[in-house]
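Chemist: As they're listed, the protein sequences go chains C and U. One point on numbering: in numbering that gives the first Met the number 0, the residue at position 95 of the first sequence is 94, and numbering is uninterrupted. One point on numbering: in numbering that gives the first Met the number 0, the residue at position 190 of the second sequence is 189, and numbering is uninterrupted.
It is worth saying that the hints were derived from the structure and are not from the lab. Mixed in with the good hints, there may be bad ones.
Straight-line Cα separation of at most 30 Å, DSSO-like style, residue types lysine-lysine; simulated pairs [said to hold, decoys possible]:
id: 1; chain 1: U; residue 1: Lys14; chain 2: C; residue 2: Lys54
id: 2; chain 1: C; residue 1: Lys152; chain 2: U; residue 2: Lys141
id: 3; chain 1: C; residue 1: Lys61; chain 2: C; residue 2: Lys141
id: 4; chain 1: U; residue 1: Lys61; chain 2: C; residue 2: Lys61
id: 5; chain 1: U; residue 1: Lys141; chain 2: C; residue 2: Lys30
id: 6; chain 1: U; residue 1: Lys14; chain 2: U; residue 2: Lys157
id: 7; chain 1: C; residue 1: Lys105; chain 2: U; residue 2: Lys94
id: 8; chain 1: C; residue 1: Lys141; chain 2: U; residue 2: Lys30
id: 9; chain 1: C; residue 1: Lys159; chain 2: U; residue 2: Lys54
id: 10; chain 1: C; residue 1: Lys14; chain 2: U; residue 2: Lys118
id: 11; chain 1: U; residue 1: Lys157; chain 2: C; residue 2: Lys61
id: 12; chain 1: C; residue 1: Lys54; chain 2: U; residue 2: Lys30
id: 13; chain 1: C; residue 1: Lys118; chain 2: U; residue 2: Lys105
id: 14; chain 1: U; residue 1: Lys105; chain 2: C; residue 2: Lys94
id: 15; chain 1: C; residue 1: Lys54; chain 2: U; residue 2: Lys105
id: 16; chain 1: C; residue 1: Lys118; chain 2: C; residue 2: Lys191
id: 17; chain 1: C; residue 1: Lys54; chain 2: U; residue 2: Lys90
id: 18; chain 1: C; residue 1: Lys152; chain 2: U; residue 2: Lys14
id: 19; chain 1: C; residue 1: Lys156; chain 2: U; residue 2: Lys141
id: 20; chain 1: C; residue 1: Lys188; chain 2: U; residue 2: Lys61
id: 21; chain 1: U; residue 1: Lys105; chain 2: C; residue 2: Lys61
id: 22; chain 1: U; residue 1: Lys105; chain 2: C; residue 2: Lys141
id: 23; chain 1: C; residue 1: Lys54; chain 2: U; residue 2: Lys141
Here are some chain C residues the structure puts well away from chain U; computed CB gaps all over 10 Å [what the hints assert, rightly or not]:
id: 24; residue: Asp2
id: 25; residue: Asp10
id: 26; residue: Arg17
id: 27; residue: Asn22
id: 28; residue: Gln51
id: 29; residue: Asp65
id: 30; residue: Ser86
id: 31; residue: Val88
id: 32; residue: Phe100
id: 33; residue: Ser125
id: 34; residue: Lys141
id: 35; residue: Leu207
Even glycine gets a Cβ: it sits at the ideal position worked out from N, Cα and C.
Number of protein chains: 2
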Amino acid sequence: MNDLFYNISDDEKEKILRNLEANTFNFQKNKTILSSVKQENIIGVLVSGYLQIIKNDYNGNKVIIDDLYDNSIFGTTMSSISSSEYSIVTKEDSKIIIIYFDEIIKANFVEQSYMQFIKNLLNIMSNKINANNVRIEILSNKTTRNKLLSYFKIMSKKNKSNILYLPYTFTDLADYLSVDRTSMHRELKNLKEEGLIEIKNKRITLNLYDDNDFE
Amino acid sequence: MNDLFYNISDDEKEKILRNLEANTFNFQKNKTILSSVKQENIIGVLVSGYLQIIKNDYNGNKVIIDDLYDNSIFGTTMSSISSSEYSIVTKEDSKIIIIYFDEIIKANFVEQSYMQFIKNLLNIMSNKINANNVRIEILSNKTTRNKLLSYFKIMSKKNKSNILYLPYTFTDLADYLSVDRTSMHRELKNLKEEGLIEIKNKRITLNLYDDNDFE
DNA sequence: TAAATAATGTTGCAATTGCAACATGTTAAT
DNA sequence: ATTAACATGTTGCAATTGCAACATTATTTA
C-alpha cells in the first residue's frame with residue numbers, strides 16, 4: 000500500500016521508469032553514496048534497504064538528518080541546502096530509484112498506471128511529511144529528558160503498546176535527538192531510577208500512567 | 000507555479016473541489032481553528048493568509064511546530080500525533096481548503112485538469128518536505144548560537160544576500176528555534192559584539208566571510 | 001490619545017548540558 | 001580465536017541554558 004509501484008504491473012513499471020528517465024541503483028551496506036545522487040530536483044526512492052542522511056558539522060558532531068526505511072523518499076531533502084557536509088550512507092544493502100522531479104511534473108501521459116504511480120508517490124510524500132513533523136515535535140523539546148519522553152511516547156503510541164524496541168543503537172538515538180550521548184545516558188539513568196522506564200537491551204518499557212506527561 | 004490551482008480554470012477548479020468533497024473556509028486573524036479541522040487524513044491547503052501550528056506543552060512553553068504561508072499544506076501534520084495540545088492559529092485572515100486525502104487517492108478521473116491538480120499538489124508537498132528538512136537541520140544544532148547562525152545562513156542563502164529580514168518577531172524566532180527567548184537575546188548580543196551580525200529592527204546583516212562557518 | 005497589550009532588552013542564578021577522559025562489554029573481521 | 005572496532009556506561013567540570021524578575025519601548029485597541 001505504501002509501495003511506489005503498488006497496483007502497477009512490472010511491464011507498466013518499466014515503462015514508467017523509462018519515460019521518466021529514472022535510474023535504479025544498488026548499493027552495498029555502509030557505503031557513502033552522496034556523489035552519485037547529489038543533484039537538485041531529484042527524488043530518490045528507497046525501494047529496499049536502510050539509509051541515513053548524515054550531517055557532520057565543523058565540530059565533528061554527527062547529526063542524523065534523516066532516517067530512511069523502505070519506500071521512503073529523499074533527495075528533495077538536499078535541494079535547498081546543497082553543501083558538502085551532508086552525506087547519504089547505506090546502513091544495509093539498498094536499492095534506490097532516482098527520478099527527476101521535473102520529469103514527473105512535466106510528463107503528460109494519462110494512462111491509468113501513471114495515475115496510480117502518482118497517487119502512490121503522493122502517499123509516500125504524505126508519510127514523509129508526517130515523519131518529519133514527528134521529528135520536529137521531538138526536537139522541539141528543550142531538555143534531553145523531554146526529548147526522550149517525547150520519543151518514547153510517540154513510539155509507544157505507534158506500537159499501541161507501552162513496550163517499544165529501539166530501531167537503532169543508543170549512540171544513534173543520541174544523534175537522532177541531537178544531544179550528547181553521555182548526557183543522554185545520565186538522563187536515561189534518572190528515568191530508570193524514577194521508575195518511568197525500564198531498559199533491557201533495545202527493549203524499553205514505558206510506565207506512564209494517567210500522569211499529565213501522557214496523553 | 001506553486002499554486003494548487005496553477006494552470007486550472009475556475010470551472011475546472013470548482014469541479015475538482017466538488018468531486019473531492021472539499022470545503023473552503025475563511026477565517027479571521029487570530030482565531031484558533033483547530034476544532035474545525037481536527038480530523039485525520041485530511042489535507043488543509045492554505046490558499047491565502049498565514050497560519051501557525053502551535054504546541055503548548057505542560058510547562059506552558061509554546062512551540063511553533065509549523066509556520067504556513069500561501070499554498071503550504073497542513074493536516075497530515077496531525078495524523079500521527081493527534082492530541083489536544085496542538086492548535087492551528089490564524090495570524091492573518093486566511094482562506095483554507097480542506098480535502099480528504101483518501102478522496103484524492105481514490106479518485107479515478109483522468110481528466111487533464113485533475114492530472115494538473117495532482118501535479119500541483121506534488122509540487123506543494125515537495126516544497127513542504129524541503130521546508131521541514133530545513134527546520135530539522137536548524138533544530139539539530141546543539142547550541143542556541145549555532146541554531147541562530149544556521150538559521151541566518153539558510154535565510155541568507157535563500158535571499159542570495161547577506162542581508163535578511165526576519166519574517167516574524169524575535170519572540171516567535173525563539174519559539175521557532177525552540178530556545179528560551181532571553182537566552183537567545185544574550186546570544187544575539189554576543190554575535191553582535193563579535194561583529195558577526197548587525198541588527199536593525201528586523202533587518203539582519205550577516206558578516207561571515209570565508210570562515211568555515213560559511214559555505 | 002490614553003490605556004492596554006505585546007515585544008524587546010537585561011541580569012543573576014540554579015539546572016542542564018556537552019565534553020573529556022575514562023572502563024567495560026559486544027560485535028565484526030582477519 | 002584474537003584482535004580491532006564499536007557500543008555502552010560512568011563521572012567531574014566548565015559552558016550553556018532556562019527561568020524568574022525586572023525595565024523599557026512598540027504596537028494595538030477601546
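Chemist: Would you mind confirming whether the straight-line C-alpha gap from C/Lys14 to U/Lys118 stays at or under 30 Å?
Modeler: Distance of about 19 Å is within 30 Å: holds.
Chemist: Does the no-contact call for C/Arg17 survive, Cβ to all of chain U over 10 Å?
Modeler: holds, 19 Å
Chemist: Does C/Lys191 sit within 30 Å of C/Lys118, going by the straight-line distance between their CA atoms?
Modeler: violated, 45 Å
Chemist: Does the claim that C/Lys141 lies outside the interface with chain U hold up, using a Cβ gap greater than 10 Å?
Modeler: At about 6 Å from chain U, C/Lys141 fails to clear the 10 Å cut-off, so the statement is violated.
Chemist: Between U/Lys105 and C/Lys94, is the straight-line Cα distance small enough, at 30 Å or below?
Modeler: holds, 28 Å
Chemist: Need the status of pair C/Lys61, C/Lys141: alpha-carbon distance at most 30 Å?
Modeler: Judged against 30 Å, a Cα distance of about 19 Å means the pair holds.
Chemist: Is the hinted pair U/Lys14 and C/Lys54 satisfied, with a Cα-Cα distance of at most 30 Å?
Modeler: violated, 45 Å
Chemist: Quick one: work out the minimum CB distance from C/Gln51 to chain U and report holds if it exceeds 10 Å, violated otherwise.
Modeler: holds, 13 Å
Chemist: Is the nearest Cβ of chain U still more than 10 Å from the Cβ of C/Ser86?
Modeler: Nearest chain U Cβ is 14 Å from C/Ser86, so the label holds.
Chemist: CA of U/Lys157 to CA of C/Lys61, is that 30 Å or under?
Modeler: Answer holds: U/Lys157 to C/Lys61 is near 24 Å, not above 30 Å.
Chemist: Within 30 Å, alpha carbon to alpha carbon, are U/Lys141 and C/Lys30?
Modeler: Judged against 30 Å, a Cα distance of about 27 Å means the pair holds.
Chemist: Report holds if the minimum CB distance from C/Asp2 to chain U is greater than 10 Å, and violated otherwise.
Modeler: holds, 13 Å
Violated hints, in rising order: 1, 6, 12, 15, 16, 17, 18, 21, 22, 29, 32, 33 and 34; the structure is consistent with all others.
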